[in-house]
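Q: As a plain string of letters, each chain reads:
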Amino acid sequence: MQGTSQETAVQDIRFGGDYNPEQWPEEIWLEDVRLMREAGVNLVSLGVFNWGIIEPAPGEYDWSGLDAIVELLHANGIGVNMGTPTSSPPAWLRKAHPEIRLVDAEGRTLAGGSRHGVCPSSPAYAEACASIVDKIAERYGRHPAVKLWHIHNEYGWANVECYCEASAAAFQGWLAEKYGDVDRLNDAWGTAFWGLVYRSFDQVEAPAAAPPGVNPALQLDWKRFSNDEHVRNYRMQREVIARHSEAPATTNFMIPNCEGMDYRRWAGTVDVVSNNHYLIAERPDHQIELSMSADLTRAVANGPWMVMEHSTSAVNWQPRNIAKTPGELRRNSLAHVARGADGLMFFQWRASRAGAEKFHSAMLPHGGTDTEVWRDVAALGNDLKKLSSVVGADVAADVAVLWDWESWWALELEWRPSVDLKYRERVEAYYAALWREHVTVDFAHPEADLSGYRLVVAPSSYVLTDAASKNLRGYVENGGHLVVSYFSGIVDEHDTDRKSTR
Amino acid sequence: MQGTSQETAVQDIRFGGDYNPEQWPEEIWLEDVRLMREAGVNLVSLGVFNWGIIEPAPGEYDWSGLDAIVELLHANGIGVNMGTPTSSPPAWLRKAHPEIRLVDAEGRTLAGGSRHGVCPSSPAYAEACASIVDKIAERYGRHPAVKLWHIHNEYGWANVECYCEASAAAFQGWLAEKYGDVDRLNDAWGTAFWGLVYRSFDQVEAPAAAPPGVNPALQLDWKRFSNDEHVRNYRMQREVIARHSEAPATTNFMIPNCEGMDYRRWAGTVDVVSNNHYLIAERPDHQIELSMSADLTRAVANGPWMVMEHSTSAVNWQPRNIAKTPGELRRNSLAHVARGADGLMFFQWRASRAGAEKFHSAMLPHGGTDTEVWRDVAALGNDLKKLSSVVGADVAADVAVLWDWESWWALELEWRPSVDLKYRERVEAYYAALWREHVTVDFAHPEADLSGYRLVVAPSSYVLTDAASKNLRGYVENGGHLVVSYFSGIVDEHDTDRKSTR
Amino acid sequence: MQGTSQETAVQDIRFGGDYNPEQWPEEIWLEDVRLMREAGVNLVSLGVFNWGIIEPAPGEYDWSGLDAIVELLHANGIGVNMGTPTSSPPAWLRKAHPEIRLVDAEGRTLAGGSRHGVCPSSPAYAEACASIVDKIAERYGRHPAVKLWHIHNEYGWANVECYCEASAAAFQGWLAEKYGDVDRLNDAWGTAFWGLVYRSFDQVEAPAAAPPGVNPALQLDWKRFSNDEHVRNYRMQREVIARHSEAPATTNFMIPNCEGMDYRRWAGTVDVVSNNHYLIAERPDHQIELSMSADLTRAVANGPWMVMEHSTSAVNWQPRNIAKTPGELRRNSLAHVARGADGLMFFQWRASRAGAEKFHSAMLPHGGTDTEVWRDVAALGNDLKKLSSVVGADVAADVAVLWDWESWWALELEWRPSVDLKYRERVEAYYAALWREHVTVDFAHPEADLSGYRLVVAPSSYVLTDAASKNLRGYVENGGHLVVSYFSGIVDEHDTDRKSTR
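Protein chains in written order, with full-length UniProt numbering: chain A, 1 to 502; chain B, 1 to 502; chain C, 1 to 502.
Don't take each hint at face value.
Same chains, same names: a pair is fine if it fits in one copy or spans any two.
[Said to hold, decoys possible] Keeping only pairs whose Cα atoms sit at most 25 Å apart, straight-line, the calculated DSS-like set for lysine-lysine is:
#1 135 to 95
#2 422 to 324
#3 95 to 324
#4 178 to 422
#5 422 to 386
#6 499 to 324
#7 135 to 324
#8 470 to 95
#9 95 to 385
#10 178 to 95
#11 178 to 147
#12 385 to 147
#13 95 to 147
#14 499 to 147
These are computed hints drawn from the structure, not numbers from a lab.
Sequences are here, hints too, so could you generate the full structure?
A: What follows is the structure in structure tokens.
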């Protein structure tokens, strides 16, 4: 049992949050660290948005604040989840390279003053990302406090798709690589209809605002491409870090509330799957969607995972940001753990005094330590220490619900049988029914091995590849029970009617 | 009576649909033609969207598929309604001439991947249209299978108005031609109000997104101009065809559901009036709007006309695409015939396997011939043969309802007494009341000869020219019964208050 | 009492309206003046939109019509409120200087055909304004008929904010002047959050369409800047006029229905506060909002003021433009007088025959003098003569309601606790309760001297500066009764949490 206690030591449930100390003077930092220890914090995310601070001008660096914080945390036994700040490029970069600004489907070039509003395909942006990540990884890559790398922040938040010229060119390149010959693209996309035939890849336009009825196969490949451009940025950063550090890396997913990111396509890119989940406070029984998020994240992780962000109480960006009810913070947190999470991190440690997110709850609220939120946070952090034994535990389920981002995307393109058809409505309807019956559920891709399940549910599995179709047929032929809802198996991965093709 | 049997021979009710065989291999074509014969199809529309296929690169032509289909149809006694494919310009044309892309009122340059997204005033587009139409007409203009020309498709679908620089310049030219002197324009438009006076035609801007309160007379002339640019394209194509062919020509109108096209301004341009009509499936008593459409199309045609497109069951582009109820296809079809249609064509023959419209019903559904839709189509086609005697028959009505696109346009400009005032609401309210009383109705323009009617209804006839006003007064003075609703006779054709001007 | 009768002579309640005679021939002008006298009109606003008429081409002037009208009015004892026509720049200016066109937050360059669609920061526009105002002031500045200057029209109507490059540059200059050093801006705006730090003022972007979460302090300064650019135009015109005329000047405010204009920042720029007020006809108890408008205008004026525009009956730009009920014109007019107005002007004298506003009611309707509206107008005008003694009278109130445009702006930025939080909802709820109890109310700024009030109400006073906070505290400490609603005192003027800063 020797090993166990050692393992337990490194396998405490990660507990902490984003920490943005730049907003306060150093005396506050000392208070912060003291309170972190009081609350059992063992990991904090640093530097997620500090590019403009650590690189105040191109090629000039100011590490003083970050160095001090890292040392302070380390001295107090608190690990660092070191961020790369690329989701919030500095104002000087936008000024020097206006071409990095995101162009949306309406043709609007997005302004600054927020985060994320940059083109994921921009060469100048990629170059600047590589440079700053290299500097950070070089400086902190071997520091013993650094337990994890937090690459970028919320890939795809508000900038899933860019329609600038660089993006269109990248799309054409992506298509050329995928199809090789443009006639294979014409076949796959069914461009014979409406005579939308292409003779070269550079004739394909990004599907910005257009008359209705844009070829659905074009739209699906655009969505795949848009996802993949973010993966490409992640992989680039991961490689830069690997040159300097052996610590594992992650990026915070947003399952299942970022429709544009197909996290199945991200599988294998991260060492640890981490997820941001914010329930919709207004929604009745919002804890069911929370459970679904956790189960789906576990499916993406194919094992244990961690919550990178959730909130201690209300958030700030929903129409009505309702505070959590007494006990809800604890219930929600433990629901994640019960479904495989071995980390519970919050956005953020101390509530901001200014800026866009000051009304977002935090571990340490504006009201300070004499608050119910703080007492709940501290109690949770200390109680989690008793749960170290569940770290790495499996979740066993007899039932699988199929989930596929491609069905979600394709089912909700324009010109479907009814606007009332919604992918998540069907998935959630089945999931909620099972949840209410206390049935533990895995999510599974239609092509995944389903043989271990007593029941598989296929809710509006609109897209089914030939492989998926064969897989489901085989599952049933081997005695499996398959519940298939309406509007399933209608098209293949190019939105081509399956019946017409045989 | 000699002539009659001969005439009947050529005057079977046209029956068939759009045929887009490019999506399938040739063995399917043979099956198609066999089934067309089984269903009594005597006319199919070809090549409506095949530009990218028959002219794969500028000046390179591939007629092989179209030649084969034309011969196959001809050999089977099926007539061809030969399309010109100009509503779906090829990707290479958009790439070579980016200036042809439509710019909408929001200033967005519309992307490709769909159809129609081009500027109707673009010289490069017009030149390319003339070229491809000349090639098609030259090749097929004297082929005995070609019974009719189907010029363009749905003029004004999604591209009624373009706000690019070429369009603005064309508008200025159109105004110069209409008014001659800019002070006549100033008088007509009442530009003294708000000091919106022009000193030359090139000071007039296209009414793109602007502060509220854009001069209504400017907006009305912009609508007239935008309509006329499509007429100009049609006339150009018609003239090119006439150099090669004696067959009649049409283009498919969309009465009354394309507000931007004033089909009265199209009168006389087509040899046969043909119409696309798709009822709004969700709407209660949707058959009344169908009848209204037929009656209004008859008014535009001033006699017999044909349905160029309707659907055998659900369509794909409405919010909720509801299938037709048993017997509805037959009822709807015969309602058109009863109101003067001598052709019943469908979009489309065989349901598409891919692309934007695969969920649009067809004569031959995805499900094949063992379907209720197919059985209904075949029964209808064969039964129509018994109705040849009604071809060319008149519809007699005692009641006329006034209809004027200009009133529709003008009444729904901004800053009217109430947003609840809707032109079609008033027209349809009167029409529906008469329909429910089994009263056959003609539609008539306010300046038309009304002397044959026992009753004339003027629903929200907001615009009345001096001529119309005199016409209505004369009708009443001669004993006619005129029912005038509220908000009638308020302004003249320049949206100038009629009371203030006398 | 000698002086009094003299004063009364010049202090009749101003009564009249906008007069745009360019739309009619001269014989109508004679009828107009005769009817004005009949109705007791003593002041008309001239030339508010006549730039395109008096300067038909750059540097060419045509004063004939305006000269004649001024003389005609003067001969009939009717004063002139002389407009500067800069809110409707002529078509030739837009053509010669396309860069003056407004660019909205969506990046759309607004088209012409209406009024106001120009950039308030454009140098070419400012230069043209100065030129035409100089010509007008030179010509009419000493004319005895000219009693008042009406500078521009409705500053901020539809063009509060422009996002063109000139505007962005002006914003950077405004910030440099306000903050001096960019690090003071960084401190004030809390740019440490999200790393939105600026190193120079030219890195700050105008907050056009962007991802969500744009720095709220940036947005507040943008609103202040946008307001101030209009003030700057006003001041420039005022100075030009002062070179030629000793008559007082005003511009018509739109209190409280132009959220973008902070009329507190306008205080002191005008010699007479004048206001346009149009009640929302659909709204139940719309007279309460009218009273509130009058009370708030009095607060801005810090004394007597005048109604520059209201309507005799329905307007034309609301969703449902409902006519006034019998007696309502009189009640509304006298409500203004009772709350401090010493002028009752209407838009407009004679209903337009053409253009965007012909459905706006007028003193003289389309129907002429045999109408209820005309009879009510004439009766009101003549009865007002009996009320000259109230001119200049004070309104005494025991209760103050706090009002601050900055709280309105800041409270309704994105990412607040709930979209249901609305500044005016709270203000109006308290105001209406007091109104129903017949309590006369003053409005007051949170930093104003409140010592004279028995009760002060602070409805959602979200922004409180340190000075305001101290002021309210002092009021209470001195025995005042302060009613504070929820969501008050949350942030300082930079939207920084007040609790975190102490």
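Q: Each hint: holds or not?
A: Status of the hints after comparison with the structure:
{"no.": "1", "hint": "135 to 95", "in the structure": "within (22 Å within a copy, 42 Å between copies)"}
{"no.": "2", "hint": "422 to 324", "in the structure": "between (28 Å within a copy, 23 Å between copies)"}
{"no.": "3", "hint": "95 to 324", "in the structure": "neither (41 Å within a copy, 54 Å between copies)"}
{"no.": "4", "hint": "178 to 422", "in the structure": "neither (29 Å within a copy, 51 Å between copies)"}
{"no.": "5", "hint": "422 to 386", "in the structure": "neither (42 Å within a copy, 46 Å between copies)"}
{"no.": "6", "hint": "499 to 324", "in the structure": "between (49 Å within a copy, 21 Å between copies)"}
{"no.": "7", "hint": "135 to 324", "in the structure": "neither (40 Å within a copy, 66 Å between copies)"}
{"no.": "8", "hint": "470 to 95", "in the structure": "neither (53 Å within a copy, 41 Å between copies)"}
{"no.": "9", "hint": "95 to 385", "in the structure": "neither (48 Å within a copy, 63 Å between copies)"}
{"no.": "10", "hint": "178 to 95", "in the structure": "between (35 Å within a copy, 22 Å between copies)"}
{"no.": "11", "hint": "178 to 147", "in the structure": "neither (37 Å within a copy, 44 Å between copies)"}
{"no.": "12", "hint": "385 to 147", "in the structure": "within (18 Å within a copy, 82 Å between copies)"}
{"no.": "13", "hint": "95 to 147", "in the structure": "neither (34 Å within a copy, 51 Å between copies)"}
{"no.": "14", "hint": "499 to 147", "in the structure": "neither (52 Å within a copy, 34 Å between copies)"}
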